[in-house]
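Using the sequences and the accompanying hints, generate a full structural model.
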Amino acid sequence: MLRHLTSRPARSLLAPLAVALAPGAVSAACDVDYTVQAGDTYYSVSQEHFGTRAHWQLVYQANQAASGVPGLLPGNQLYIPCLNDGGAAVVAAPPSAEGSVEVTNVAPTAAPVTPITPPADLPTVAENVAASLASTAPAAPLERSYPANAELRLLTGGNYAPFTDKTLPEQGLVTELLHAALDNTPNPVTYSVAWEDDWSRHLFPLLDEKAFDMGFPWLKPDCDAAPENERCQNFLFSEPLMLMPIMLFVREDNQFQFRDDSDILGRALCRPAGYFTHDLDRQDRKWISEGKITFVAGDSPRDCFNRLMQGEVDAATVNLFLGASVILEMGLRNKVVQLEKPVSEEGLHVVISKRHWRGTTHLYRVNAGLAKLREDGRYQEIVSRHLELFQARLQ
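Per the working numbering, the sequence shown starts with residue 1, numbered consecutively.
Don't take each hint at face value.
What the hints assert, rightly or not - Mimicking EDC-like on lysine to aspartate or glutamate, the simulated pairs with C-alpha atoms at most 16 Å apart in a straight line are:
#1 Lys220 / Asp281
#2 Lys286 / Asp224
#3 Lys341 / Asp40
#4 Lys372 / Glu239
Claimed, not checked - Label pairs and their calculated CB-CB ranges:
#5 Gln395 / Thr361: 41 to 51 Å
#6 Arg259 / Asn187: 43 to 53 Å
#7 Tyr364 / Met309: 43 to 53 Å
#8 Leu328 / Asp299: 18 to 28 Å
It is worth saying that the hints were derived from the structure and are not from the lab. It should be emphasised that the depicted structure is a prediction, and the values quoted were computed from it without experimental measurement. Beta carbons are placed, not taken as given, at the ideal position from N, Cα and C, and that holds for glycine.
Encoded structure:
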């Protein structure tokens, strides 16, 4: 029997109170609020309401869309969405965007670049991941065009599936979210998006020297704990475009419980060299600086998973999407599993130089547009659609 459910007024952007689940799933109430109980995880909530753990990401994202910060603290309210026959969250077709920016059929004037691997602290997925994602999707629309002299010049790069890549539908999840936010912001301005696959040039010099106005998507360090970090010193950050779960991946035959931080003490964790570690060494943890764990800096994500399979470490810790993709690429399905509880949740942001004369104005546009997307349900529609494509690739 389902526990601690609260009915809610019908939402105009959701289907009537009904469930159409995949074969074998149990029938349950949807479009309701669930009160989190001690010990709950997104997996257990998905299992209880849908009869399968497979829909946990949809529960996660439905609540991120509503509040921006999903949480599983006892007493918190989680919204349980309805699902369609394909197992996707049911939302209405996106509303037309009033005040959309009119663009002309002129490409942005960006210097030609040579694609190379993104820097280590921006987790990359091999190019074939983007290709396989694209192969599972409907035909992508024609590439968006931009005005030559746009007021707001955005910079991003590829090889970062499912977030940004020119081969993905709508050029990736985060790219579509930002397009939609800027098209729905108060007092919209013309904007352009330039692609530079050498991520190491984005922050310095291109954004720092204001060759472009804003860049995306970037992780935000813990600026309270490390104000000297160069990103904290030089850039302002938008509200998170989305939150990215950072997971522990373990061997199927060597699993362990991760209920709280005490379960990690004494274990060996691998994360690729150059990736952020602030979540492992934050003030209430200090796992690395105080030697509470054995930290191994792998040469690459694949190296961490190789070390895991060879028994050199207890877990590889990377973001959910990267880990799932590496498992697929390396043929480790049913050999490596992810633990249910995330190590942390890291935001993907738009950044702008602190010395940019319109910095706060441009950030307001992005943040206001994101708030509008969450309010009218468009945010959930975009995220659910891209997650459905990503999940389809992993089947």
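Hints, one by one, checked against the model:
| no. | hint | result |
| --- | --- | --- |
| 1 | Lys220 / Asp281 | holds (15 Å) |
| 2 | Lys286 / Asp224 | holds (15 Å) |
| 3 | Lys341 / Asp40 | holds (10 Å) |
| 4 | Lys372 / Glu239 | holds (13 Å) |
| 5 | Gln395 / Thr361: 41 to 51 Å | holds (44 Å) |
| 6 | Arg259 / Asn187: 43 to 53 Å | holds (48 Å) |
| 7 | Tyr364 / Met309: 43 to 53 Å | holds (48 Å) |
| 8 | Leu328 / Asp299: 18 to 28 Å | holds (20 Å) |
Checked against the numbered hints given earlier, this structure breaks none of them.
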